[in-house]
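Peer 1: Protein chains in written order, with the numbering used here: chain A, 1413 to 1533; chain B, 1413 to 1533.
Each statement offered as a hint is correct.
For chains that are exact copies, the list does not tell them apart, and a pair is met inside one copy or across any two.
Below, a list of computed lysine to any residue pairs in the SDA-like style, where the Cα atoms sit at most 25 Å apart:
no. : residue 1 : residue 2
1   : Lys1473   : Pro1424
2   : Lys1517   : Gly1447
3   : Lys1517   : Pro1424
4   : Lys1473   : His1496
5   : Lys1525   : Leu1420
6   : Lys1517   : Gln1462
7   : Lys1522   : Glu1421
8   : Lys1522   : Gly1461
9   : Lys1473   : Glu1421
10  : Lys1522   : Gly1511
11  : Lys1517   : Arg1427
12  : Lys1517   : Leu1420
13  : Lys1473   : Thr1436
14  : Lys1517   : Thr1426
15  : Lys1473   : Arg1430
16  : Lys1517   : His1496
17  : Lys1522   : Leu1420
18  : Lys1473   : Glu1448
19  : Lys1525   : Ala1509
20  : Lys1517   : Arg1423
21  : Lys1473   : Arg1423
Derived from the structure by calculation, the hints contain no laboratory data. As the structure is a prediction and not an experimental result, all values here were calculated from the model.
Number of protein chains: 2
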Amino acid sequence: MLSSTEHLEVRPITRLFRALGDETRMRIVALLAHGELCVCHLESALDLGQSTASRHLGILKAAGVVDSRRDGTWVYYRLVEQEHETTAQALGVLTAAFGAERALKSDHAKLRKACGPNPCK
Amino acid sequence: MLSSTEHLEVRPITRLFRALGDETRMRIVALLAHGELCVCHLESALDLGQSTASRHLGILKAAGVVDSRRDGTWVYYRLVEQEHETTAQALGVLTAAFGAERALKSDHAKLRKACGPNPCK
DNA sequence: CGCATACATCTGTATATCGTGATACACGGG
DNA sequence: CCCGTGTATCACGATATACAGATGTATGCG
Chain A
1413 MLSSTEHLEV RPITRLFRAL GDETRMRIVA LLAHGELCVC HLESALDLGQ STASRHLGIL
1473 KAAGVVDSRR DGTWVYYRLV EQEHETTAQA LGVLTAAFGA ERALKSDHAK LRKACGPNPC
1533 K
Chain B
1413 MLSSTEHLEV RPITRLFRAL GDETRMRIVA LLAHGELCVC HLESALDLGQ STASRHLGIL
1473 KAAGVVDSRR DGTWVYYRLV EQEHETTAQA LGVLTAAFGA ERALKSDHAK LRKACGPNPC
1533 K
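All chains, full assembly: derive it from the sequences and hints.
Peer 2: This is the structure:
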């Protein structure tokens, strides 16, 4: 094994790519590209079971792609700024592409309105 | 499920990310960022078993990340230009990052010399 | 408190993926 | 035409990941 490839730090990059190598998680990122959402938003938007949604969010969080904050009953998830340069650029490509999707943006707005006084479903 | 996320075509993007969500395959892409290499090059550079190398290359090929050409006994692999815009940008981030790695470049040159008159190991 | 809602985690099961060794195929040279 | 080398594929066991259902935890409210 040659030295460069041995020392080349591909782990953080691979970690991001592995986390996003799933359609459900990619869709989650697509929605979060427009701003934070709570779990129930994502459940209904992507037609996910509650446990499935939570698990995928846990995977994204473990990979450092998203972070969460609790607001009363709800837990909001958002994309995380990446420290690693290449990782930041790769995720930036996605957020730029998804951010330009107007249909996504309007759905995101609808979802945001669904929480608050009205419960998520 | 909302309309936008249902129709949003994340599959080609996810396919790329899944293919690269593995350290071995990410290292292969890192080496190929400097130009084509044959399987035996990659085996020795990454210390892979023959069958392991072939399988990972097959996965990358199925995902449309690499393509191959046969030259006599050897099969050379190279990165493929991506049609899909976001996919091209994401892969472009990687090739730019890996392309800037000077140690990688020198190892790549060494590998290239190893084939031809001299066998790969 | 007790209860409802939102979320996380556990459990079991099915499927996918990884690595390795054995085998099959392709090509070039004697 | 056989044989060696390089590559692909198959077969196997080990591990990882997927989803759904059940249970556990946290928060807010009457």
